[in-house]
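From first to last, the protein sequence lines are chains S and V.
Here full-length UniProt numbering is used: the first residue of the first sequence is 1, the next is one more, and so on.
Here full-length UniProt numbering is used: the first residue of the second sequence is 1, the next is one more, and so on.
The set of hints was computed from the structure by calculation and includes no laboratory data.
Do not rely on the hints blindly, as some may be mistaken.
Identical chains share a label here; the pair holds if one copy fits it or two copies do between them.
Unchecked claim - Straight-line alpha carbon distances no greater than 25 Å define the calculated PhoX-like cross-link-like pairs of lysine-lysine that follow: (1) Lys636 x Lys571; (2) Lys609 x Lys571; (3) Lys202 x Lys636; (4) Lys372 x Lys153; (5) Lys138 x Lys153; (6) Lys423 x Lys636; (7) Lys344 x Lys327; (8) Lys636 x Lys136; (9) Lys571 x Lys243; (10) Lys327 x Lys446; (11) Lys690 x Lys675; (12) Lys208 x Lys136; (13) Lys243 x Lys208.
Protein chains: 2
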Amino acid sequence: MAIEAARFSPSLAAAAFLARRPPPALFPFSLRRRIPLLHVLAGSSGGDGRVVALSSSELRKRRGLSSSSGAADPASDGDEKLRSLRRLFARPDVAIDAYIVPSQDAHQSEFIAECFMRRAYLTGFTGSAGTAVVTKDKAALWTDGRYFLQAEKELTHEWTLMRSGNHGVPTTSEWLNDVLPSGCRVGIDPFLFSFDAAEELKDSISNKNHELVLVRGMNLVDEIWGDARPEPPKEPTRVHDIKYAGIDVPSKLSFIRSHLTENGCDAVVISMLDEVAWLLNMRGSDVPHSPVFYSYLIVEVSTATLFVDSNKVSEDVLEHLEKAGVKLKPYEAIVSEVERLAEKGAKLWLDSSSVNAAIITAFKSSCDKHMKKKGKAGEKVEKEAYSDEPTGVENGALNAVYNVSPVTLAKSVKNEAEIEGMKNSHLRDAAALAEFWCWLEDEVCKSVPLTEVQVAEKLLEFRKKQDGFIETSFDTISGYGANGAVIHYRPTPEDCSSVGSDNLFLLDSGAQYIDGTTDITRTVHFGEPSPRQKECFTRVLQGHIALDQAVFPERTPGFVLDVLARSSLWKIGLDYRHGTGHGVGAALNVHEGPQSISYRYGNLTALQKGMIVSNEPGYYEDNSFGIRIENLLLIKELNLANSFGGISYLGFERLTFVPIQINWVNDYHEEVWDKVSPLLSGDTRDWLWKNTRPILDVTHRYSHAQDIA
Amino acid sequence: MAIEAARFSPSLAAAAFLARRPPPALFPFSLRRRIPLLHVLAGSSGGDGRVVALSSSELRKRRGLSSSSGAADPASDGDEKLRSLRRLFARPDVAIDAYIVPSQDAHQSEFIAECFMRRAYLTGFTGSAGTAVVTKDKAALWTDGRYFLQAEKELTHEWTLMRSGNHGVPTTSEWLNDVLPSGCRVGIDPFLFSFDAAEELKDSISNKNHELVLVRGMNLVDEIWGDARPEPPKEPTRVHDIKYAGIDVPSKLSFIRSHLTENGCDAVVISMLDEVAWLLNMRGSDVPHSPVFYSYLIVEVSTATLFVDSNKVSEDVLEHLEKAGVKLKPYEAIVSEVERLAEKGAKLWLDSSSVNAAIITAFKSSCDKHMKKKGKAGEKVEKEAYSDEPTGVENGALNAVYNVSPVTLAKSVKNEAEIEGMKNSHLRDAAALAEFWCWLEDEVCKSVPLTEVQVAEKLLEFRKKQDGFIETSFDTISGYGANGAVIHYRPTPEDCSSVGSDNLFLLDSGAQYIDGTTDITRTVHFGEPSPRQKECFTRVLQGHIALDQAVFPERTPGFVLDVLARSSLWKIGLDYRHGTGHGVGAALNVHEGPQSISYRYGNLTALQKGMIVSNEPGYYEDNSFGIRIENLLLIKELNLANSFGGISYLGFERLTFVPIQINWVNDYHEEVWDKVSPLLSGDTRDWLWKNTRPILDVTHRYSHAQDIA
């Protein structure tokens, strides 16, 4: 028991389970913005007439997933769903004692299409993060602190809410080991777990001799969802223009193929949707906020195959693909194709942290069959039986190399066209934000009552007017006063505050443009901030500036710089419970790896020239106010007078150009002078005078706010 | 072959091999100061009449180890030693094809007694770090960049010098796998390798089917050394007064015993000499620079046994030990005692990174014998055979817990009396340094020619006048000009520079006092430093100040703060190739773990209240000058206005009080003003004026130097 407790600390295991990919160590922000279910976006069509994925509020309205409108009502059909699900347990082709329903789609996506929101359908709980586990007589839902209140409201009495991270709350595996008699069969849909996650689960439930059953051929929730289940998205794809993509598809494929050859591989399976989109210079709109489309890609040494619903592929996209030698196959054909490769004896490159268990286990068992046929089975199979590593991955054994996708790093290092597009889209985004802030200050000064949701909608209006605008890059976090202290806050029209001049207003938003992706946070006060707020804001800003100004040698992992953003806060005993920076895609996902700037030390990926990271320190005072200041930064090589060690030194170039409400610092310094100077004399008083002078050239940026302050 | 190359990168493996304990990841400085062979200390008796270990120059003179006086002379008996050693290979009770002779003693000590300097005796190479490997027809010596020139001079033509860290230079294991035919027997003295190191060696030579042979009962170098081998040290031990130790021995033993009970152990073997000294409130002088004595300690739940030469234990020490219930046994009885414990079925706590292979393998084989006798052998032995982990440590299997010594962390967190002693000894040390710097400035101003060695000797004179002075805590690094750029520089009377006023002078020194241990570096210029030197000094000082001023939450590992000391240098593309801080013992070893402040990310030990660390950023310009500014800091809990997360916030209190030559910064700023202000006007010119004013209250510290500058 001691060893089990150590291995499965509830907080760690739960976090890992809830946010399988990207892992929490790399993407501290991914949990925050895995919020595909709730609104803000009002329209269903982009400014340029392009079809846009529905906003989550729209989705909720249309599908009755809203907490106020149906499915989650205790009087609804919750019981019937569980009954139907349990009836399926007994079917001879299923034969399981429990079934796990995670939030994921088959691609570890941050934002997912409605038809894949099985956990929400089954449980009635509409939060973005959560895992449901159903046994023959129990049903439990795990979610984290952001969603405790919402889950309490939305779950029926048949469901037990498991508050992940709270003391003594078991992980899903621990719970299964606890409630099931020894030797049960625990079912999952292998498409919804990465291979690594499935192996970890298998390993942990084996402590009670449970067997992990990969239920193939059907998702049990889909079975009970039946005709009411939404259709998979059918939004058309488009070519991402070479003037934005920078590198043509044949060159990208050739780069991947050189990696395959170097590693002695015949093919690689790409399953992350942004990786497919990047590699093929294509974009889609199957999910909200991310310009991606449901698909897999297999790149072989001489061919490449895109697995996608052919209805999504127009003539010009088809031509674009044909030029690059990319064939089409149906989305569903991925598994049989992988089996065909196994039969051919092909050696595959597989990223087992992202490629799902359905694909990898199909490949492995097909390899085994093939080897037996060839009479070589004895040796190889025996080897497999002995190499029982924790992850279950046999490096070297079988015909596969298990390694991070060759696209991940290539995509994170932006080329010149991508950088150009990011810069241009940030300038247009900045123009929209300038219009917005100018408007908002006026409104607040005129005491026009505006809710957090209305403010976010107005911001969207301004953005829509910009060229190339497509949609928001995540649900806008619009938090006034105490709401700003909720790091993952999402206002709803039914339950949100008005934005006034008595407290801080935190606005974290971003957009997808045809040429780039933005993500920016500003925190402002339209009245007189308290001395406490001034001090905290100043220190968050000091941290922001310290990171912005950092210079560092090549090969420095992001976590080394994290302390620069925190040390001003630490000096007065304050801190914030999220990372400082995440990667951002170029006209792609607003969160991407592999780099990060975080207080977690696990991510050793070096920050590299051409990568983009956010710089977003914050401070949150519970039930009071929240502060975050976020810019996006491009990593560039510096031309310094020295280069000790003969290596490159790197620094940051700002992509974001929106004023920061700096007059606070001036106000604060004025207050410091007023309060402290009477106690001083001579040199020290001179020093204080010098160090509390206003920063003149930025004082007048927020003119209205300044008038009030 | 690919996997081997990856596993044994020459630089990593060589560093690990040369500096087995403390490992380089934890103690970047340990390599620098593993310099027990060379002088500075002149006398053989401390100021208070206590017998003091001989300085290394004395040792060299007396034993003919000096490069200028005998053993290493190419015309000497080098050949005969190798011949004698190889004759032993053939003895039936030895029967080996190669023998490895490391630098270590049996306790992984930083400073070792002369009788254990087997590698120096065998090879003639007197540097502190090196490993000799002898086969039937080859002899090779591995050392690192500090010692290439010295080794070239000192080795006879029969030896091949292996320049560790240079491109393409194999590790000892790689070399053995290369030069020996498959299936050879490689011998070591198991006392001179930690168990982990021996297992790693065993594992790496098994690639060529070589067998690691633990040659027990004799050290082959001692056999050929014969009567000429110095006697083991017999210096008397003494009681470390409770007014300095703070906690009595029964309390310390009881603390260790509570750890044993918690971990289900019956006994722990302590083999690090500073851990024995700390736990028993005893001190000795068996080795230079560290107040320790050769011994082992076994703490059982109701008894404790010190394994030491009883001649070293006076009546009052004996009484002190008896009061604490500590029995004496001969030093050599350690192995038989461990075997006796195995026979009793006792479960041992063993720190396999420090306890040597002789002890642990004796315990393990005795356990096996015992289990076989009891009829339980089948199951246990089989289990051992299957659990073939890389380290060879069977956690849980057999009767042992393999974990870091329970003394390590306890010793690093100082109690109030230890802190008091450290503070007091630092004040007396500061007085000696003030006298010294005052004297040196005068001498240099008067243009009296003084060598680096003479300067260090004079410093020792001033220190000797201080109450409670015992000896230096390491060989003084006294480096003028280009010598200061050699991080591990050791001047010798035969070959050292004069200290003048044309370049920087770096002085890194420390002392052992009855109540504490010091370690301080200052860098000064007695003339006019160049603009380059001023800029580099200023940035090193900025880094020193940034770390000094850091505030950080509890549980922060030291590496998180390392960037604070470097970022000023990074901004102009400079850096330094050593860690920023190491732990320091209280009237004990000048380097101790487990904490460190380093750019290496491997040491996750949190910095804790009561720990002491050095703060020593530097910059070294090859063939030109070196800068290092070092204070010792005590980690303390801060009483801040906030404590976000309900945790403690920590900071530093300075122990070292010796002026830093700050007028440089003022000079530099004056120069900045003179050069840049003509190019500026208005606000920017005002800003530059404000930011280049002299720091008035420290300008006059080094009055002479200032007059010159």
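The hints, checked one at a time:
| no. | hint | in the structure |
| --- | --- | --- |
| 1 | Lys636 x Lys571 | between (30 Å within a copy, 14 Å between copies) |
| 2 | Lys609 x Lys571 | between (31 Å within a copy, 16 Å between copies) |
| 3 | Lys202 x Lys636 | neither (44 Å within a copy, 46 Å between copies) |
| 4 | Lys372 x Lys153 | neither (54 Å within a copy, 63 Å between copies) |
| 5 | Lys138 x Lys153 | within (19 Å within a copy, 79 Å between copies) |
| 6 | Lys423 x Lys636 | within (14 Å within a copy, 46 Å between copies) |
| 7 | Lys344 x Lys327 | within (19 Å within a copy, 72 Å between copies) |
| 8 | Lys636 x Lys136 | neither (57 Å within a copy, 55 Å between copies) |
| 9 | Lys571 x Lys243 | neither (47 Å within a copy, 35 Å between copies) |
| 10 | Lys327 x Lys446 | neither (60 Å within a copy, 86 Å between copies) |
| 11 | Lys690 x Lys675 | both (15 Å within a copy, 22 Å between copies) |
| 12 | Lys208 x Lys136 | within (17 Å within a copy, 56 Å between copies) |
| 13 | Lys243 x Lys208 | neither (56 Å within a copy, 56 Å between copies) |
Hints 3, 4, 8, 9, 10, 13 from the list above are not met by this structure, while the remaining hints are.
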